[in-house]
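Undergrad: If you read the protein sequences in the order shown, they are chains F and S.
Take the numbering used here: the last position of the first sequence gets the number 745, and nothing is skipped along the way.
Take the numbering used here: the last position of the second sequence gets the number 896, and nothing is skipped along the way.
Hints in this document: simulated from the structure, not taken from any laboratory.
Note that the structure is predicted; figures quoted are calculated from it, not measured.
Treat the hints with care, as some may be off.
Stated by the list, open to error - Here are the computed lysine to any residue pairs in the SDA-like style, where the Cα-Cα straight-line distance is at most 25 Å: (1) F:Lys-620 - S:Arg-859; (2) S:Lys-817 - F:Glu-652; (3) S:Lys-817 - F:Gly-649; (4) F:Lys-721 - S:Lys-872; (5) S:Lys-872 - F:Asp-626; (6) F:Lys-707 - S:Lys-817; (7) F:Lys-721 - S:Phe-795; (8) F:Lys-534 - F:Met-466; (9) F:Lys-707 - S:Phe-795; (10) S:Lys-817 - F:Gly-700; (11) S:Lys-777 - F:Met-466; (12) F:Lys-704 - S:Phe-795; (13) F:Lys-721 - S:Glu-850; (14) F:Lys-704 - S:Thr-844; (15) S:Lys-792 - F:Gly-642; (16) S:Lys-777 - F:Lys-707.
What the hints assert, rightly or not - Calculated from the model, a selection of chain F residues having no Cβ within reach of chain S, i.e. all distances over 12 Å: (17) Ala-36; (18) Ile-45; (19) Met-109; (20) Leu-374; (21) Lys-534; (22) Met-728.
Just so you know, even glycine gets a beta-carbon here, dropped at the ideal spot from N, CA and C.
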Amino acid sequence: MWFKATESCNCIEPQWPADELLVKYQYISDFFIALAYFSIPLELIYFVKKSAVFPYRWVLVQFGAFIVLCGATHLINLWTFAVHTRTVAMVMTAAKVLTAVVSCATALMLVHIIPDLLSVKTRELFLKNKAAELDREMGLIRTQEETGRHVRMLTHEIRSTLDRHTILKTTLIELGRTLALEECALWMPTRTGLELQLAYTLRQQNPVGYTVPIHLPVINQVFSSNRAVKISPNCPVARLRPHTGKYLPGEVVAVRVPLLNLSNFQIYDWPEVSTRSYALMVLMLPSDSARQWHVHELELVEVVADQVAVALSHAAILEESMRARNLLIEQNVALDLARREAETAIHARNDFLAVMNHEMRTPMHAIIALSSLLQETELTVEQRLMVETILKSSNLLATLINDVLDLSRLEDGSLQLETTTFSLHSVFREVLNLIKPVASVKRLSLTLHLASDLPAYAVGDEKRLMQTILNVVGNAVKFSKEGSISITAIVAKPESFKDARIPEFLPVPSDSHFYLRVQVKDSGSGINPQDIPKLFTKFAQSQAVQTKGPAGSGLGLAICRRFVNLMEGHIWIESEGIGKGCTVTFIVKLGIPDRPNESKLAFAPKVPGNHVSTNFGGLKVLVMDDNGVNRSVTKGLLLHLGCDVTTAGSSEECLRIVSPEHRVVFMDVCTGLDGYELAMRIQEKFKKRQDRPLIVALTGNTNKVTKENCMRVGMDGLILKPLSVDKMRGVLSELLEHRVLFEAI
Amino acid sequence: MDVLQLQRKLREHQAAMLREGFLDDQFSQLQKLQDESSPDFVIEVVKMFFDDSEKLLNNMTRALGQVPVDFKQVDAHVHQYKGSSASVGAARVKNVCATFRNFCETQNLEGCVRCLQQLQNEYSLLKNNLQYLFRLQEQIQAAGGSIPTIE
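Chain S on its own, in the form it takes in the complex:
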């Protein structure tokens, strides 16, 4: 595949992700920060995000599995996750976190469990999409092209 095609694919993929709501404007802000001094800024941040996500999701699962459930603890984790997702621009994850927090406040265990499942789903979807995105970027860079930014 040649660079132009790759670039087109990348553009379409990014646009799709934005359209679907997986990513929002914050992500493009992050991309703006990538320059010569920090060429892998976005990847690094996203990787950090993935690690963070997994850790937090585990914590949440454990906390919800306890009897009795410490909703405050769960809420704290969700809060952290919300913050991180907002920083990287993971819109859907952030929204689910918001709903999750409401359930925590009302101490609705069933709702919390459902939200946790949703979060895990969203996270895997996002992860797959972003990984695909990064692979495309690598391919383009390997082919010598430049990464088109999201408009």
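Next comes chain F alone, as it looks inside the complex:
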């Protein structure tokens, strides 16, 4: 810029008139510069307005100002090419100054702005990277979650069935679907355990029975770890189909599936690792794809393999229990049938016995009765012999029938012992009396020895005890041709129980019971010790017995043993051998009567010929009865027996009269409760028991209640009216001997 040379021109160099072209070009350039300078801010404003975010608006203003002024400067420069006035020069100067100011300010400001702008850019880049990373991870998580869902569904499918086949098939199908496999195969160990057999495949419907030896290194490798292991597609277990793809076959993974049997589970013990057997599951990715096994897929496979193992073991257990249950049902049915058959048999036998009982006994009785009657009539000697034989045989038969019936009742357990108080001595004496005739015929001597400490009375089944003793003694007599038979009865002491023969028998006597031990020794034909066990069995006859006597029914000893057992005892035989005799011993439990000698008076005397008229030598007795007639009768009875009788007609009179001299008081208790009270008053009157007379109730009342009442008030006896002379005699003897007499009602 240079001033045109006129008056105020300070320029040093004169104007070049030849460079008009140059001036023209400068002129045009300036014009375009100005234009550009003006259009830039316009563009800026336009685009900033368009964009939503621009943080530095005031920078833009500044920048705009700078450019506008620059443009203005260049525009004003256009007028300075020609001559121009001072105003133009002033404007020019002002413009330049302003431009200078603004551009310096802008330059200074840009120092701050540009780094900021640059950092914004970097942050933007960073965020973009982060976003890309997150996206990738998101994708991964979604895949995993998808996998997890597949596993759950797969497990559910597998566990929802208890059929082995279905489990395995479902596993393969689901795995194939989830992982998009080309092929999936399951190899099971064969029975021998030396080979793996292809059991199931996904695609091939009917797997041909490929087998592969189990001890291949690759298989061992898979079995030794519980993880899914990548194996080569060329190993025998993976080569299922002919390879058709042009490219490499897909990757193959194999995992072990533990097979648990019931026997692997001990109670409270987990299965031993060493005894496990495994199946092999082989999974093949599609060939011709670049897919690779991802970690999460391998994990899925491992999880599935475990689940399959559990499901299989459940199925196995269920199978086992179903089988066991079926077996039990069968057995139950069989047992039920057997039970019903047995019951029918028992019923039939009982019915039979019941019928036979009656049917057999009736004719027997008829025969016996009529034969006895026949015996009474006039018979010739031969006829008599015949009748006697008939009688003997029929008696034997009757006994046999009874024995059989008894035995069956005994076996049933339906036989119950009758318990009564009886005299031991009389039982033995009776046996002796019954056996004596037979023994004397055979010239056998019979001795009975009863221990002195043997109780006189015992509580038990008299009839059956006698039957037992009779049987034993009878056998002794039967099987002895000569010699002697000894019967001993003692009270068994605990020390003597240490018999080695009966080690498990340890009876303990108590206050209410004692053990009676009876031993029958004979010097007869003896028994072979080997035969002894057989003797007690039914119907078994000893072969070695050679006797012409009547053969035993074979039941006798069996019945004896049953009776002895019922009496909580034991019976055994000892013999030294043939010809050396034998000893039969038995121990039975009998009760001790608590009221000394509560006994049943039998007035048909057991021992005949006992009509001795005992005189009671002035025994002082008191009779209390408010009925005159009865009083006189009783008095007469007692007088006849030689007693010194005092009578009382009422309770008060009785109480007045009674004294320690009276040995017995007979009181009538037919008339209400007077008698009981009287008894109690008498007892009160006499403090010492020895002084007190025996109080005996007379009653026509056959009522158990009466008897109980009498016992309750402490009476010493009870007798039923009417009384005969003999009865009264017996009563007095009994009373004086035992001081107690309660007649059985």
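Add chain S to chain F, keeping to what the hints say.
TA: Frame of chain F, contents of chain S only:
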């Protein structure tokens, strides 16, 4: 009549009484008690029985005549009579007493009245028979014979 005939008559009479049920075994027991120390034991007891019977029968009649009837009272009397008759062996009387007692328990007045009549009948029959028996015994004893006992 001579002793043997008398004795035969006595035996037959006793047998008849037993057969008919007027007397039972208890009576023979009583006869056994008769010995030298108590020669009239039986007669004494029987006499006592007759007195007792009459007294009791009167009581029963009176008790049944009352209004209202006290059956317990009647029963007590019958009970006593039963006991006495049993002691002497008066079987039929005893049996009627048993029936009488049943009626008393059921408070059947008509039945009781009937039983009472029956009792009175039986008693008179028995009394006559026994008195005849005793007369025979006296005659035998007077003639010097011994009294045959009932077998």
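Undergrad: May I ask which of the numbered hints given earlier this structure violates, with the numbers listed in increasing order?
TA: 1, 9, 11, 12, 16 and 22
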